[in-house]
Amino acid sequence: MKKNAVNSANYDPIQRLNEVDSKVQVPSGIELQIRRNLQRDSVKKGEVLLEMNTVCDRIWFIQSGLFRSHKKVKGREENTWFMKENDLMTDPKSFHTGEPSKHSILAMEDSIVYSISRHQIYDLCERAHAFEHICHLLTWEYYTKFMDYWDELTSGTIRQRYNRFLLLFPGLDDRESVSVRHIASLLKCSVRSLHRIRKK
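Counting along the sequence shown from 1, when you hit position 10 you're at 10 in the working numbering, and nothing is skipped either side.
These are computed hints drawn from the structure, not numbers from a lab.
Each residue gets a CB set at the ideal place from its N, CA and C atoms; glycine is no exception.
Among these hints, one or two may not hold up.
[Said to hold, decoys possible] As a list, the in silico DSSO-like pairs of lysine-lysine whose alpha-carbon atoms are at most 27 angstroms apart: (1) K93 / K45; (2) K74 / K102; (3) K72 / K200; (4) K71 / K44; (5) K199 / K188; (6) K102 / K44; (7) K102 / K45; (8) K44 / K72; (9) K93 / K74; (10) K71 / K200; (11) K45 / K200; (12) K72 / K93; (13) K45 / K23; (14) K200 / K93; (15) K200 / K188; (16) K23 / K44; (17) K102 / K71; (18) K71 / K93; (19) K23 / K72; (20) K188 / K74; (21) K72 / K45; (22) K200 / K102.
[To be verified] Here are the in silico distance ranges between beta carbons for each label pair: (23) A130 / V73: 36 to 42 angstroms; (24) K188 / D123: 37 to 43 angstroms; (25) N53 / L32: 20 to 26 angstroms; (26) K45 / K102: 31 to 37 angstroms; (27) A130 / G98: 39 to 45 angstroms; (28) K102 / N18: 18 to 24 angstroms; (29) G98 / S190: 35 to 41 angstroms.
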């Protein structure tokens, strides 16, 4: 039976930042400024947060809901990642370089996110080295996780790819909003092949 979204009523973006490095916490003065700058948004299913070929100038923290990142390959849409509760969401390259993103980010469920702009983050980084350290690790964590997992999800047999998907995205296979087509797109296989694997 497919499941609905997880309830994350007590979510706090500051706690997510403090989880990046247990030895370094967000300084109290910076925390106050972050809370003032954070923008809370309710995002409807199907709404696009980041358009392809536009600059990604925000980092989002997902309180509840589910998103997918996708790009165009030979005119076809291909999923590149899923982001859910407690995940960080951005395009690291576009965010840091100011170059247009090759990806789009779309809500798969009604969601709640907090976000902060690139300008605000850079301003806070200049004020506190500890926060700069956290931001560096946060975006590096996001980038390396994507790069490491990407190879695992797109190479090997379809069975191997699907098993890795289940390990990397626990519970996502049971989400009502996630279709076999979405998963097949991420794993670079046909819907028919994935159906066959799941039945075994």
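Hints versus structure:
A distance of roughly 26 angstroms separates the Cα atoms of K93 and K45; the hinted pair therefore holds under the 27 angstroms criterion. Note on K74 and K102: the hinted pairing holds, with a Cα-Cα distance of about 13 angstroms set against a maximum of 27 angstroms. For the given pair, K72 sits about 31 angstroms from K200 by alpha-carbon distance, which is inconsistent with the 27 angstroms threshold. Restraint check for K71 and K44: the C-alpha separation of about 20 angstroms stays at or below 27 angstroms, so the hint holds.
At roughly 18 angstroms between alpha-carbon atoms, K199 and K188 fall within 27 angstroms of each other, so this suggested pair holds. A threshold of 27 angstroms between alpha carbons decides the hint, and for K102 with K44 the separation of about 23 angstroms falls inside it, so the pair holds. Taking the CA atoms of K102 and K45, the gap is about 21 angstroms. The hint holds against a cut of 27 angstroms. Annotation: proposed proximity of K44 to K72 holds, straight-line Cα distance about 23 angstroms (limit 27 angstroms).
The suggested pairing of K93 with K74 holds, with an alpha-carbon distance near 22 angstroms, which does not exceed 27 angstroms. Of the pairs offered as hints, the one joining K71 and K200 is violated, with about 31 angstroms between alpha carbons and a cut-off of 27 angstroms exceeded. For the suggested pair K45 and K200, the alpha carbons sit about 32 angstroms apart, so the restraint of at most 27 angstroms is broken. A distance of roughly 17 angstroms separates the Cα atoms of K72 and K93; the hinted pair therefore holds under the 27 angstroms criterion.
At roughly 37 angstroms between alpha-carbon atoms, K45 and K23 are farther apart than 27 angstroms, so this suggested pair is violated. A distance of roughly 39 angstroms separates the Cα atoms of K200 and K93; the hinted pair therefore is violated under the 27 angstroms criterion. For the given pair, K200 sits about 19 angstroms from K188 by alpha-carbon distance, which is consistent with the 27 angstroms threshold. With a CA separation close to 37 angstroms, the supplied pair K23 and K44 exceeds the 27 angstroms bound.
Among the hinted pairs, K102 with K71 is consistent with the structure: their alpha-carbon atoms are about 6 angstroms apart, no more than 27 angstroms. A distance of roughly 14 angstroms separates the Cα atoms of K71 and K93; the hinted pair therefore holds under the 27 angstroms criterion. Between K23 and K72 the CA atoms are separated by roughly 40 angstroms; this puts the pair beyond 27 angstroms, and the hint is violated. Restraint check: the Cα-Cα separation between K188 and K74 comes to about 14 angstroms, which is no more than 27 angstroms; the hinted pair holds.
Annotation: proposed proximity of K72 to K45 holds, straight-line Cα distance about 21 angstroms (limit 27 angstroms). Taking the CA atoms of K200 and K102, the gap is near 36 angstroms; set against the 27 angstroms cutoff, the hint is violated. Our hint of 36 to 42 angstroms for A130 and V73 holds, since their Cβ atoms are close to 40 angstroms apart. Checking the proposed 37 to 43 angstroms range against K188 and D123 shows it holds: the Cβ atoms sit about 40 angstroms from each other.
At about 36 angstroms, the CB distance of N53 to L32 disagrees with the hint of 20 to 26 angstroms. Distance hint check: the CB atoms of K45 and K102 are about 24 angstroms apart, inconsistent with the given range 31 to 37 angstroms. Checked against the hint of 39 to 45 angstroms, the pair A130 and G98 fails, with Cβ atoms roughly 25 angstroms apart. Range check, K102 to N18: about 31 angstroms between beta-carbon atoms, so the 18 to 24 angstroms window is missed.
For the pair G98 and S190, the supplied restraint of 35 to 41 angstroms holds, since their beta-carbon distance comes to about 37 angstroms.
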